[in-house]
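Protein chains in written order, with this note's numbering: chain A, 1 to 436; chain B, 1 to 553.
Source of the hints: derived by calculation from the structure; they are not laboratory data. Ideal Cβ placement from N, Cα and C applies to all residues, glycine included. Some hints could be false.
Claimed, not checked - Taking lysine-lysine and the DSSO-like style, the derived pairs with C-alpha atoms no more than 27 Å apart in a straight line are:
#, chain 1, residue 1, chain 2, residue 2
1, A, K53, B, K397
2, B, K543, A, K53
3, A, K53, B, K409
Stated by the list, open to error - Examples of chain B residues toward chain A, derived with CB under 8 Å:
#, residue
4, A358
5, P398
6, H403
7, I482
8, N485
9, L488
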Amino acid sequence: MPAKEKKTGLIFFPAFDWAISPNHPEREERLLYTQDQVFEEGLLDFPNILEYKPGIATYADINRCHICVPNPQNLTTNSHLISAGGAITAAQKVLSGEVDNAFALVRPPGHHSMLVAHGARGFCNINIEAVMIEYIRHTFGIRRIAVVDTDCHHGDGTQDIYWNDPDVLCISMHQDGRTLYPGTGFIDDFGGPNALGATINIPLPPRTSDEGFLFVLENAILPMLDEFKPEIIINSAGQDNHYSDPITNMNFSAQGYALLNEKLAPDIAVLEGGYSIEKALPYVNVGIILAMAGLDYSQVREPDYDARQIRQSQEVTRLIENEVKNLMTLWKKKKNLKKQITGSAAYIRREKNIYYDTDDITERQVETVRVCNACGGLVMIESAADTGKKIYAVILPNSCCPTCRESGESFFSRVNGSQYSHIYFQDRQRDVFIVK
Amino acid sequence: MILGIDVGGTHTDAVLVQDLQVISKIKVLTNQANIMASLLEAAEKLTKDNNVNNINRIVLSTTISTNAIVQNKISRVAMVLLSGPGLSPTTLNLGKDAYFARGYVNHRGIPVKNVNSREIADISSEIDQNQIHYIGVVGKFSSRNPQQELDASELLQNDSRKISLGHTLSGQLNFPRRIATTYLNAAIHEIYQGFVRDVQEFIQKFGLNIPVYILKADGGTILIDQSLDCPVQTIHSGPAAGIMGVLATTRMKEDAVALDIGGTTTDISVFADGVPLLEPSGVEINGRKTLIRGLYTKSIGVGGDSVVRIENGEILIGPQREGPAAALDGPFPTPTDAMIVEGIVSFGDSGKARNAIALIAKKLQLGVEEAARAIIEKMAAIIADQVRHILAQINNKPVYTIHELLEGKIIQPKILYVAGGPAAVAPFIAENLGYSYLIPEHSEVSNALGVALARTTAEITILADTERKELILCEEGHVESISRNFSLADAIETGKKFLREKAVCMGAREQDIFMEVTESQQFNMIRDFYTTGKNIRVKVQIKPGLISSGKER
Chain A
1 MPAKEKKTGL
11 IFFPAFDWAI
21 SPNHPEREER
31 LLYTQDQVFE
41 EGLLDFPNIL
51 EYKPGIATYA
61 DINRCHICVP
71 NPQNLTTNSH
81 LISAGGAITA
91 AQKVLSGEVD
101 NAFALVRPPG
111 HHSMLVAHGA
121 RGFCNINIEA
131 VMIEYIRHTF
141 GIRRIAVVDT
151 DCHHGDGTQD
161 IYWNDPDVLC
171 ISMHQDGRTL
181 YPGTGFIDDF
191 GGPNALGATI
201 NIPLPPRTSD
211 EGFLFVLENA
221 ILPMLDEFKP
231 EIIINSAGQD
241 NHYSDPITNM
251 NFSAQGYALL
261 NEKLAPDIAV
271 LEGGYSIEKA
281 LPYVNVGIIL
291 AMAGLDYSQV
301 REPDYDARQI
311 RQSQEVTRLI
321 ENEVKNLMTL
331 WKKKKNLKKQ
341 ITGSAAYIRR
351 EKNIYYDTDD
361 ITERQVETVR
371 VCNACGGLVM
381 IESAADTGKK
391 IYAVILPNSC
401 CPTCRESGES
411 FFSRVNGSQY
421 SHIYFQDRQR
431 DVFIVK
Chain B
1 MILGIDVGGT
11 HTDAVLVQDL
21 QVISKIKVLT
31 NQANIMASLL
41 EAAEKLTKDN
51 NVNNINRIVL
61 STTISTNAIV
71 QNKISRVAMV
81 LLSGPGLSPT
91 TLNLGKDAYF
101 ARGYVNHRGI
111 PVKNVNSREI
121 ADISSEIDQN
131 QIHYIGVVGK
141 FSSRNPQQEL
151 DASELLQNDS
161 RKISLGHTLS
171 GQLNFPRRIA
181 TTYLNAAIHE
191 IYQGFVRDVQ
201 EFIQKFGLNI
211 PVYILKADGG
221 TILIDQSLDC
231 PVQTIHSGPA
241 AGIMGVLATT
251 RMKEDAVALD
261 IGGTTTDISV
271 FADGVPLLEP
281 SGVEINGRKT
291 LIRGLYTKSI
301 GVGGDSVVRI
311 ENGEILIGPQ
321 REGPAAALDG
331 PFPTPTDAMI
341 VEGIVSFGDS
351 GKARNAIALI
361 AKKLQLGVEE
371 AARAIIEKMA
381 AIIADQVRHI
391 LAQINNKPVY
401 TIHELLEGKI
411 IQPKILYVAG
421 GPAAVAPFIA
431 ENLGYSYLIP
441 EHSEVSNALG
451 VALARTTAEI
461 TILADTERKE
471 LILCEEGHVE
481 SISRNFSLAD
491 AIETGKKFLR
501 EKAVCMGARE
511 QDIFMEVTES
521 QQFNMIRDFY
531 TTGKNIRVKV
541 QIKPGLISSG
551 KER
């Protein structure tokens, strides 16, 4: 039983009048039974659980972390602005000291949205955590942030947005990409040249249960957080590792989720995926809320819960132990890797093909990063999608050094406009966003 | 004619109403030891010039339920709880007589574990050994499927027991509140039954055979016989009378704030388009949060007799009251004394009021008139700040649809209705808020008038699950089969039909049944990528309001 009660903010916005399409998993009904369970358990009557109405994110909030093509107006509906706004409200309540921690139980999710966004992928249009993180940095001057993505799918969008940022530690644990969308997130995806070790991926074998998740938490995630020393910890809280989830193959339980949140002790949790809306979400969410609030969650369990049925095999245990061992070896070497990877190059180039499953768009992207020892490095992106749009973007990092700034400003002024539909300049340090 | 009686802590007010107009009114002191004597006294004095036989209904407010709870004059209750997993029972506020039993249903009302008759029999004999006669049975999600509560109740029932069932008292979800509501209902049953007997005796003595209604917490009336099974609905009857009184004396139709300024406290209530707001989840009494539908009211510790003092050069008012105003030989200066000095009210000894305010003036280094003015303005500012705070809270209440978030109703009052002895402070509060103000006519008996003119209110919650082909009327515990094609419109129609029957049974006249749909949602239920049915949720209510102007029988 948790030792100490905490004041927990709850931003609950089930958007009962919005769906991607009538039969889509991301539909009106998704948080209906969660609401029922939360109401029936009387959680909102606890003096240390405070419910808040979500705010509405602005386009300027989105432009701090995304290059939306052609613009955020075309890529979002009110539902996305409210869901990102809900995450921002959670941050405001925590950082103003009104509550100790907060849970944005909002939809639609965001963790598959990448830096450049031509449309929706993995049910996500904009990355609601990244919008929140940039809001936090801009408003509260916080620099070091850790995101622990506990969704069953690789948090590839968040990883992409912070790939070159040494101050945002993105840890994603997820079902092995060889067996699940989006098919990425392997251990050697370790961050950009100036941010090695700030991206961590922990693929887990199918049918991992509570034991495996908690092993990873204790033996990899918590030690990394201890070393990284973030000012705040964010749980990108997907609930699709649950044993009853219809689109994944894991064996996590409501008790496991609650225990994970108690041990991780995130300052902010933001709901991501999770589509077992009737058999998992009501119990998982009650468990997480109680754990965050420091209340007794020991009696929370699914009606059909049977620990023996979902226990992971010894083979799974062995695979996970091995994975964690390899990862920790890599983690310890992270400072020595840079020379090995960059050699004498001044710029590192990465080419990506990105598929937007929700909107059926294919994008081809070339990302160029300036190798820099003073900051995250200037980033330039050329991106062309089969919608016919081709864009160029210059991105200055959060703690940009003068050399990267000078180079970035110069590239932006010289870039040949004729071949691009839009050219973007995103200065995360000075909160400037220009489109030409 | 209608006879309306509001039994307050100090005074019992009564009015006779014909065609919605007050034809006579009276105020007598309440005899706390013998409420019946007060009722009889008020009624006899009021009707001495009128023909008693023209009275065709009597409506009463009562403090009996509230007082029983607040003064702990309640029966011992055994609570039988079918709680299942979830929140730990250690977090619930349960007394020593709580018995946990097997059985629970999930959020869709599907039974997961059944009630075990042997276990209930054991509990039953323990209850016998403890000589407890009042029992509450509450199941988690029983408003989604009442069967297990009914099963347990049947096993527990015998002639010496009175059993309250959770699902009958509210269709809302909230297990801890359902427990509290059911507990209180069982706990006041005995004392309330005594009250009902007394009222029936009073009617007989008065020589009448007409329906008697009681005002509930939600400002609606119910036939007294019908209230016997749900006495807990009659708590907060007094504050409800106050709010209905504002409606009755103003006939307002707009957004508004009403203040009832008393000696010790000021009660604030809010109206949206002329309809008094309800507490969102249910009223709180004596620290217990319940599911009882009740009118929203916030009480703050500032009134005409509040103690005024100076600390660090600042005027502080209340929350203590140490006696009447100095003008009436009270020990401390009060806002009432300031109003006497300012010349906006006149009673008592104005010299004594002036002397008291002079003490304050000296500390503030102001003239006596200036100090009086400063005190009145301070009182107005405290109340106005609370009004602003309450409105912000109400307007920021969480909502769950994009439509409501972007286009939901925002309450923007422009008018203040003020009642109570120290209502003379009204212009100052109104000015602070930028509202206009009105002190309604008959305000000295407005509560009794509110009681007399309140209509019968009721609510019904309907859930239809076309996958399970089942419909449930939560509060009624009624379950029926429906077809796969059952629609939202069908649910609304069914709800209205049952609500009408329920209201008539509670004593509503046909012309006063104004039904409105307060919630109507339907969700496609999709399992494994196929639509398996619809989950339909509807609430229909008769909202608090006044009876229609049609002539009384």
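Hint numbers contradicted by this structure: 4, 7, 8, 9
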